[in-house]
Amino acid sequence: MSQIDQPAAGANCPNCAEPLESDDRFCGACGLDLAARPGGPGDRPTVALSTPPEGTAVPVPAGRAPAEGSVDWPEAPEVDSSDRPVPVHHGSELPGTDSTGIALPRTEEEALRHDARAGDAGNPENAADAAHTGNPENAADAAHTGGTDYPLAAPAAADPRLAVPAAPESGGGRACVACRLGRVDSDGYCENCGHAQPRERDHMEQELGAVAAVSDRGLRHHRNEDAFAVSRTALPDGSEAVVAVVCDGVSSATRPDEASLAASRAANETLLAALPRGTHPQQAMHEAILAASGAVNSLAAQGGVQVDQNAPACTLVSAVIAGELLTVGWVGDSRAYWVPLDRTAPSARLTEDDSWAAQMVANGLMTEAEAYADERAHAITGWLGADAYEVEPHIASFKPDRPGTVVVCTDGLWNYAEAAEEMARVLPADAAERPLHSAQVLVGHALDGGGHDNVTVAVLPFPPSATGEVSA
Amino acid sequence: MANFSKPIGPRFSVEVYQNEYLPEGGREVNAIVTVTATGGGTVGGAVSAPGLYGAAAPDAAVAIMVDCSGSMDYPSTKMRGAREATAAAIDTLRDGVRFAVIAGTHVAKEVYPGGGALAVADSRTREEAKDALRSLSAGGGTAIGTWLRLAKGLLTGAEAAIRHGILLTDGRNEHESPEDLKAALDDCAGSFTCDARGVGTDWEVKEVTGIASALLGSADIVADPSGLREDFTRMMEQAMGKEIADVALRLWTPLGSEIRFVKQVAPTVEELTDRRAEAGPRAGDYPTGSWGDESRDYHLCIEVPDAAIGREMLAARVSLVITEADGGVQTLSQGLVRAVWTDDMAASTSLNPQVAHYTGQAELADVIQRGLEARKAGDLDGATAKLGRAVQLASASGNADTAKLLAKVVDVVDEATGTVRLKAKVADSDEMTLETRSTKTVRVKKS
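Going down the list, the protein sequences come from chains A and B. FYI, the UniProt record's numbering numbers position 395 of the first sequence as 395, with every residue one higher than the one before it. FYI, the UniProt record's numbering numbers position 399 of the second sequence as 399, with every residue one higher than the one before it.
Keep in mind the hints are simulated off the structure, nothing from the lab. The C-beta atom is built at its ideal place from N, Cα and C for all residues, glycine as well. Hints are not guaranteed to be accurate.
What the hints assert, rightly or not - If you want the ones that stay clear, here's a sample from chain B, every Cβ over 12 angstroms from chain A, calculated:
id : residue
1  : His106
2  : Ala119
3  : Gly139
4  : Ala158
5  : Thr253
6  : Arg282
7  : Arg338
8  : Val340
9  : Thr342
10 : Ala396
11 : Val413
What the hints assert, rightly or not - Chain B stretches covered by chain A per the calculated footprint, using a threshold of three residues with CB under 8 angstroms from any CB of chain A:
id : segment
12 : 195-208
13 : 297-309
14 : 313-320
As the list claims (entries may be wrong) - Which chain B residues stay away from chain A? Per the calculated CB distances, all over 12 angstroms, these:
id : residue
15 : Glu20
16 : Arg80
17 : Val107
18 : Glu174
19 : Asp187
20 : Gln334
21 : Val337
22 : Ala339
23 : Asp343
24 : Asp344
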C-alpha cells in the first residue's frame, strides 16, 4: 500500500485537522479522500512513526518530482504505520484484462504501450521519456505494472529502481476504494469488484474568506444531487457583498443533479452581474431566482425528457450580505437560519418552506410537530423546473442589529436541526472566524444523525468583514 | 474516405434498459440490452439489382443443402418445389458471392460446381447451377450431419468473411444417430451460420430448430412446397444482407457475481447461457453469429454481491466484439449495466417495462413448448393450462402472430384470464408451425 499517501497513526487530516486512524481512507470529519490526495501545497508531510524501521527513507511528497537522471525512490518500509507487515502486491500477481477486455500489461514495455493505447501518453516514446524523467504518475504506473522480479531482460534504458516493490497500487489509474485491488476504469468503476468510485460531487468544499460551503452525498443516497455556489463581489460604493446559493435537486425528477448545478450557477452569476451595478439586492435576488428557473427549464428542453418522467427540478435558497442588509431568497424547502454571535440572543429561521408540512402549519391544520412527523412533510409545493406551475420567488431582507452567522442549507441538514435553537446549538461558537470548519461541523452533524439525504450548507458570517480581508 | 483494405462494416450501438435500483440486500440485476447494427452500406437495391453492387466483391460464401431423400417424391410437388426454391435462391445471389449446391440423402453429394470447390456467382454460373438442379432426383435416406460436414468443408475452404448455409429437409434424420448429428453440429458451430427449413409435416421440429439454434440461424416451417420459392428468396436476401460475421457478446461481470442467464429475446428467444467462452478474468463471450442491418435484444440476469444502501456498482459491461485474424479483439460498442442500492422502495420495486415484457415473451415460448409436449403425451389438463397461459401472455404483450397460431390449436374462451379449450382436431402443420415459431417474440411497443 502507499506509504506516501497514507497518513500514519496519530496524523491529522490535512484539510480539517481531524485526528485520523491509520486505515482511514477518508477523513471522518470533512470526508477528504486521503488516498487520492496528491501532495499539494496544503498537504502536510506524513509524520513518520516515532521509531521508523531501519531503511525507511524520508517520504517524498508525491507532487515533487526528482530531477532527471537522479531518480531517488524511497525504499519501501517493511511495516506499515501500525507496525504490520506491508502487503506487497507484485504487478505479476494481478494478471488478466481490464474490464474493457484489454489485456493488462505484464512488462514495462507493454505497460507503456498500454498507456499509449489508452490514449494517455500519445506515443510510447514520450511515455517512456516521462517514466525516466520521473514524472510521478507515469513512473509509478510503469513501476506498478512492470512486475517486480524482472524475469525478462530489462529494456536497455530501464532503471531497475523503477521497479521498486510495493509501489502504490494507485499508480496505474486510481486504486479502487472498495476492494483496493482493482484499478478504476475510464467509466469510474473498479475493473475488479465493479464498485463505483467516489465522484467529485460526492463531497465538495469551498471557502472564500467571508463565506464557506460544504456539500456531501450523505450515507444513503448514491449520488449528490445538491449543489452550491459561493462568491464575493464589490458593490458600487466599494463595500463588499457576499453571495451563497444552495440548491437541492428533486429526486423524483430526471437529472436532479444537473438541475441543482444549473440553478446554483445561474443564480450566482446573475447576482454577481447585478450587485456591482448597484441593483438593489432584493431586485437582484428576484432576477437571480428567475434566471435559475430559466436555466433549469432549459434542461428539460435539452434532455429529451420522456413523457412519463418529470422534468429536471430543484429547490433554491440564497443569501446575500450587502453592507448592512441581509437578503434571503428561496423556492422550495431549503432554508436559511440566523444565529447571533451572542447565543443568549434568539436565533431565527429566515425562510418559510414551500412544503406540505409548512402549509399545514400555516393554515393551522396541524402543529409543527404533527406536520413534520407526517410522511408527506417533505412533499414540496414550490420548485424550479419546467413543470412548476409558476415560480414564485420568496424574498425577505433583514438588517441584523448585531454580529452573527447566516446558515443556508438543504433539508439534508435541517432534518437533523430543525428548530433555530437546535441549529444554534450545533453551529460552533467560532463560526464567524472559521466558516469552513463550521460548515464541516454542520455536515458532520447530519451524517452523525444518519445522513439520509444529501447535505449541503453554506455559512456566512455577518458582518462579512469580521473574517478579515475584503476583496474589492 | 472509403477504406478498401477492409469492408466497411456496420456501426453497432448498445442500449441498456433496466431498473438499476435494488433494495437493501437485493442482489439480482436484470437488464435488456438492445444491440443495433446500422449503416453497413448494404441496401435492398444492391440485392435486387446485383450488377449495381459496388466494385469490391462481397466477401461471402453460401452453401445450399437440399434434401433429396426418397420421401421428397411423396408428393412429387415437394421435389419440384425444392428445385424451384433453390433456383430462386441462386438467382438472389449477388455477383461475386461464392456458392455451392449440395444434394442431401444418407450421404452428401456436391451438385454444383463439384470437386470440393465453390463457384463465383455471375450470370453464367447461376445458369449452370440451375441446369445442374434439373438432374436432382429423390432417392435414399436422411443423414443431415453428413450434409453439414460437407458444407463446412466447402465454406471454410473459401476463407470468406460471411459463411452461411441454407438447409432444407422434409423428413426425420433417420440414417444417423442423434449423437452423430449433435457431433456434426458441435463441429460446425462457429464455422458457418445456417438457416434450416422443414417442408411438409413429416420432419421433427426439435431437429430443425436445433440445427438453426446451434448454427445461429433461423428455423421455420414451409408446410406447402409451393411456398418454398418465396421463403428461399427471402432467406437468401437476408444472408446477402449480412456484413460482419463472428460477432460475440462479451460480458464482464464483477468479482463475486454470478451470471444467472444470458438470452437473446428478440427477434427470437435463444438461450445463450451455456455457450459462454471465457475471455479473460471475469469476462466471457457469447456467440451472436453474423449481422446485417438489424437489431436484437438480449436479456441478462446477474447476481451481484450485496452492498450497502447508497452504493453503486457496475453489474456488467456488455460489449460487442470481433476477434480479428491477428488475434486482436475489436470492440464494436458497449453498454453498462448498473446496480444502485437504495432505501427508496418505490424505486427498487418498480419493474422495468422492457425486462417485464421479455420475461413474459420468454415464458410465452416456454409454455407453448411445454403445452404442446403435454398435449402429445396425452396430458390434456396440463396442455390446457399451459396453452391457456400462452394465450394470456400473447394477448397481453401484443404478440399477434403467436396469438393467431395458438388460436389454431385451442379455442379461446377468455384471453384475459387464459381460459381455453383444446381443439379436438388440429392439423399437423398448425401444431408444427406453432412449435417452430414459439420462440418468435415481439418488441415492446414504443409509447
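Outcome of the hint check:
1. With a closest Cβ-Cβ approach of about 45 angstroms to chain A, His106(B) is found to remain outside the 12 angstroms limit, as its non-interface label requires.
2. At roughly 39 angstroms, the least C-beta separation between Ala119(B) and chain A is larger than 12 angstroms, which holds for a residue marked as non-interface.
3. Even its closest Cβ contact with chain A, about 52 angstroms, leaves Gly139(B) beyond 12 angstroms, as expected for a residue assigned away from the interface.
4. With a closest Cβ-Cβ approach of about 29 angstroms to chain A, Ala158(B) is found to remain outside the 12 angstroms limit, as its non-interface label requires.
5. Separation of Thr253(B) from chain A is inadequate, the least Cβ-Cβ distance of about 8 angstroms not exceeding the 12 angstroms criterion.
6. The Cβ of Arg282(B) sits about 8 angstroms from the closest Cβ of chain A, inside the 12 angstroms cut-off, so the non-interface label is violated.
7. The claim that Arg338(B) lies off the interface is violated: its Cβ sits roughly 8 angstroms from the closest Cβ of chain A, which falls inside the 12 angstroms cut-off.
8. The claim that Val340(B) is not at the interface with chain A is violated, since a C-beta of that chain comes within 12 angstroms of its own (minimum 5 angstroms).
9. Not every CB of chain A lies more than 12 angstroms from the CB of Thr342(B), the least distance being 7 angstroms, so the non-interface label is violated.
10. Every CB of chain A is more than 12 angstroms from the CB of Ala396(B) (nearest about 19 angstroms), matching its label as outside the interface.
11. No Cβ of chain A comes within 12 angstroms of the Cβ of Val413(B); the nearest lies about 34 angstroms off, and the non-interface call holds.
12. Using a Cβ-Cβ cut-off of 8 angstroms, 0 residues of the segment 195-208 of chain B lie near chain A, which falls short of the minimum of three, so the contact claim is violated.
13. Note: the segment 297-309 of chain B has 4 residues with beta-carbon separation from chain A under 8 angstroms; the three-residue rule is met and the coverage holds.
14. Check on the segment 313-320 of chain B: 5 of its residues sit with their Cβ under 8 angstroms from a Cβ of chain A, so the three-residue criterion for coverage holds.
15. With a least beta-carbon separation of about 9 angstroms from chain A, Glu20(B) fails to lie farther than 12 angstroms from that chain, contradicting its non-interface assignment.
16. At the 12 angstroms boundary, the C-beta of Arg80(B) stays outside the reach of chain A, the nearest C-beta of that chain being 51 angstroms off.
17. Even its closest Cβ contact with chain A, about 43 angstroms, leaves Val107(B) beyond 12 angstroms, as expected for a residue assigned away from the interface.
18. Every C-beta of chain A lies more than 12 angstroms from that of Glu174(B), the closest at about 45 angstroms, which supports listing it as non-interface.
19. Once the 12 angstroms rule is applied to beta carbons, Asp187(B) is consistent with being away from chain A; the minimum gap is 28 angstroms.
20. With a least beta-carbon separation of about 7 angstroms from chain A, Gln334(B) fails to lie farther than 12 angstroms from that chain, contradicting its non-interface assignment.
21. At roughly 10 angstroms from the closest C-beta of chain A, the C-beta of Val337(B) falls inside 12 angstroms, breaking its exclusion from the interface.
22. Separation of Ala339(B) from chain A is inadequate, the least Cβ-Cβ distance of about 8 angstroms not exceeding the 12 angstroms criterion.
23. Look at Asp343(B): its CB is around 6 angstroms from the nearest CB on chain A, not clear of 12 angstroms, so calling it non-interface is violated.
24. With a cut of 12 angstroms on Cβ distances, Asp344(B) falls inside the contact zone with chain A, its closest approach being about 8 angstroms.
The structure does not agree with the numbered hints 5, 6, 7, 8, 9, 12, 15, 20, 21, 22, 23, 24 stated previously, though it agrees with the rest.
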